[in-house]
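Visitor: Chain residues, written in single-letter form:
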Amino acid sequence: MRIIACLKPVPDPKHWGRLALDPKTKTLIREGIPNIINPLDKKALEAALQLREREGGEVITISMAPISTKPVLREGLAMGADWSILLSDLAFVGSDALATSYILATAIKKLAPYDLILCGDQTLDGCTSLVSPQIAEFLDIPNLMHVSAIEAQTRGVFRVRSQIEYGYMLVEIMPPMVLSVVKEVNEPRYITLMNILEAERKEIRVWSSKDLSLDEPWVGLKGSPSQMADLIIPTMKRKGEILQEEPLEMANVLADRLHRYRYC
Amino acid sequence: MDFKLSEREELLRKSMREFAEKEIPPRMEAMEETGEFPVDLLKKMGDVGILGVITPPEYGGTGMGNLARIIILEEMGRVCPAIPMALQVHHMATQALSKFGNEEQKKRYLPPLAKGETMGVVAVTDPTGGSDVAGIKTSAKLDGDNYILNGRKCFITNSHVSDFWVVIARTGEGGRGLSAFIVEKSFSGAKLGRKENKVGLRGANTGELVFQNCVVPKANLLGHEGEGMNIAIQNIGETGRPGMASVALGILNAVLEQAVKFANERTLYGKSIGTLQAVQWHIAEIYADLEIARLLVYRVGWMRDNNIRCDAESALAKQFACEAAARSARKAIEIHGSYGVMKEYPVQRLLRDALVTIPAGGTGEISKLVMSRHALNMFK
Numbered sequence: 001m002r003i004i005a006c007l008k009p010v011p012d013p014k015h016w017g018r019l020a021l022d023p024k025t026k027t028l029i030r031e032g033i034p035n036i037i038n039p040l041d042k043k044a045l046e047a048a049l050q051l052r053e054r055e056g057g058e059v060i061t062i063s064m065a066p067i068s069t070k071p072v073l074r075e076g077l078a079m080g081a082d083w084s085i086l087l088s089d090l091a092f093v094g095s096d097a098l099a100t101s102y103i104l105a106t107a108i109k110k111l112a113p114y115d116l117i118l119c120g121d122q123t124l125d126g127c128t129s130l131v132s133p134q135i136a137e138f139l140d141i142p143n144l145m146h147v148s149a150i151e152a153q154t155r156g157v158f159r160v161r162s163q164i165e166y167g168y169m170l171v172e173i174m175p176p177m178v179l180s181v182v183k184e185v186n187e188p189r190y191i192t193l194m195n196i197l198e199a200e201r202k203e204i205r206v207w208s209s210k211d212l213s214l215d216e217p218w219v220g221l222k223g224s225p226s227q228m229a230d231l232i233i234p235t236m237k238r239k240g241e242i243l244q245e246e247p248l249e250m251a252n253v254l255a256d257r258l259h260r261y262r263y264c
Numbered sequence: 265m266d267f268k269l270s271e272r273e274e275l276l277r278k279s280m281r282e283f284a285e286k287e288i289p290p291r292m293e294a295m296e297e298t299g300e301f302p303v304d305l306l307k308k309m310g311d312v313g314i315l316g317v318i319t320p321p322e323y324g325g326t327g328m329g330n331l332a333r334i335i336i337l338e339e340m341g342r343v344c345p346a347i348p349m350a351l352q353v354h355h356m357a358t359q360a361l362s363k364f365g366n367e368e369q370k371k372r373y374l375p376p377l378a379k380g381e382t383m384g385v386v387a388v389t390d391p392t393g394g395s396d397v398a399g400i401k402t403s404a405k406l407d408g409d410n411y412i413l414n415g416r417k418c419f420i421t422n423s424h425v426s427d428f429w430v431v432i433a434r435t436g437e438g439g440r441g442l443s444a445f446i447v448e449k450s451f452s453g454a455k456l457g458r459k460e461n462k463v464g465l466r467g468a469n470t471g472e473l474v475f476q477n478c479v480v481p482k483a484n485l486l487g488h489e490g491e492g493m494n495i496a497i498q499n500i501g502e503t504g505r506p507g508m509a510s511v512a513l514g515i516l517n518a519v520l521e522q523a524v525k526f527a528n529e530r531t532l533y534g535k536s537i538g539t540l541q542a543v544q545w546h547i548a549e550i551y552a553d554l555e556i557a558r559l560l561v562y563r564v565g566w567m568r569d570n571n572i573r574c575d576a577e578s579a580l581a582k583q584f585a586c587e588a589a590a591r592s593a594r595k596a597i598e599i600h601g602s603y604g605v606m607k608e609y610p611v612q613r614l615l616r617d618a619l620v621t622i623p624a625g626g627t628g629e630i631s632k633l634v635m636s637r638h639a640l641n642m643f644k
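As you go down the protein sequences, you meet chains Y and E in turn.
Reminder that position 219 of the first sequence reads as 219 in this note's numbering, one-by-one numbering, no gaps.
Reminder that position 92 of the second sequence reads as 356 in this note's numbering, one-by-one numbering, no gaps.
Simulated from the structure, these hints should not be mistaken for lab results.
Cβ coordinates follow ideal geometry from the N, Cα and C atoms, glycine included.
Be aware that a few hints might be false.
[Unchecked claim] Using 27 Å as the maximum straight-line C-alpha spacing, the simulated DSS-like pairs for lysine-lysine come out as follows:
#1 E/K525 to Y/K239
#2 Y/K109 to Y/K222
#3 E/K268 to Y/K70
#4 Y/K70 to E/K307
#5 Y/K14 to E/K278
#6 E/K535 to Y/K202
#7 E/K482 to E/K307
#8 E/K307 to E/K268
#9 E/K286 to Y/K14
#10 E/K307 to E/K278
#11 E/K286 to Y/K70
#12 E/K535 to Y/K239
#13 E/K482 to Y/K202
#14 E/K371 to Y/K237
#15 Y/K14 to E/K308
#16 Y/K202 to E/K379
#17 E/K535 to Y/K14
#18 E/K286 to Y/K183
#19 E/K482 to E/K371
#20 E/K278 to Y/K183
#21 E/K308 to Y/K183
#22 E/K268 to Y/K202
#23 Y/K14 to E/K525
#24 E/K525 to Y/K237
#25 Y/K14 to E/K268
#26 E/K459 to E/K307
[As the list claims (entries may be wrong)] Cβ pair distances, simulated, as ranges:
#27 Y/K24 to E/E285: 35 to 45 Å
#28 Y/K24 to E/E608: 43 to 53 Å
#29 Y/E53 to E/E608: 38 to 48 Å
#30 E/G601 to Y/W16: 46 to 56 Å
#31 E/G327 to Y/E53: 22 to 32 Å
#32 Y/I67 to E/S602: 29 to 39 Å
#33 Y/M228 to E/G601: 14 to 24 Å
#34 Y/D140 to E/G327: 42 to 52 Å
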């Protein structure tokens, strides 16, 4: 079985207080901010590793990111992935979700045949939730989002649990497919010292646009139908109100306010 | 000179931080209350490789080395210093066995330590005093195929959570009359004595070992007869002092984080107290202590990994880092005002933890003796 896990390096939330906005390009200034594997992508990788342990095969991670993010991919290898692909090229800069999905899908086609492509439902920074369905469209394979469990397969058919608003769907689905996971899917394993040493011997292949047959109009800023109109840091304001009523009456007033502000 | 950590070391730090932040906090309240080490964490630590970081791979460890060990202890100590206190003594036992054990001893005792089946112990301190190693009275008399041990060891970390102990006992006269033994808890005459109730580093179990005609097979002599002083001094200097310094480094990290957090959040006179110079000076001094301690401790790790003798550097790192942790924790309490002496705030625990590091693993005065001996010979 060949399982591909898409990993995106994102700014570490512990350092978000130091993020600044570039007022001209309306993008985040990420220099100097450490990166982590997007938490839901890490869970996608964990799901891939668990599947490999059950069914056998290999796990490849793929990322579209600057070269400087190699240490983040090394972390994926230390979790247990077999090898990694880093898609890195100046031509990719400015890519929105669609352009990113196109580039990822083009690279994934080179890895055919594959069985599963796993992603996180969304990233901490972009939060678009578009990449997994778009990859599936480009590859012309089924996609299931909000996956909270991938159960064992029988005769090549996977039973996959996908969350819906007030419950879940249980879907029988055959590979190849794209699944994107939610936080309930698993708890990623700890990285062991042994695996850190092993990860140093594993390969991170760097592919640029020369290695992929890409249609230029679909890549980078040119290939991005979504353009950033504005990016602001909202000011957080709190309205403080002190209730003066007697306790019993105060409870009624409070309940009314909560109901009116739709907190219950 | 490259002061940057390697990619391996950065990944190690990151993964150890994740482990520490997830696994340790749920256990801290019980540790503070009972003073007991959370033994349920041992297997997880073994699986991740924390316990075997300096154990050679052929005996179940990774042999990642001393700087890696320091990083692990620092990250654990940043969350709860009692944990690396227990770990560093565990590593002392693995170092003693790796360096001085014969093949049979290594095969028998190193793998369970690496896997987390038991904690490691090195028992040097007699009631006569830990600083006076040559004054050890615990005796070991050869009787046929066995040594018979009599005596007591006190202030022994991991005493009650270990299945076997490396014990220094007297087989002859004077400083060269000490030998080291691997004593299993199950040996006849080996007993657990009292448990100590420390003010800090609670969760690193500390207690007494008692030997009453304890029968130890000859095969459990570690190294040669008369090598005990050498084993003890090397063990403390090469592994014990850097380990204690790393515990103090963890405390310094936590102290700075707590001090900065409080300074930024607490408002007085309409602004955060971090804007007040008096508070800024305290913060600057804590920051300086942390950075200097880190340089000193990491240097020792690097020297050990490159087989460079570093007795004085190790003593300096231990003495400086532990004193720095205590004075910085005190400053953090000053920054917190009265909140600093309330149990809900961690800074009071950090001061108590730091105070315990000062005499543990060798007093500051003994470290100064080591340093002065080195310095006095520097210009000859």
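Visitor: List, from low to high, the hint numbers that the structure doesn't satisfy.
Guide: 4, 6, 7, 8, 13, 14, 30, 32, 33
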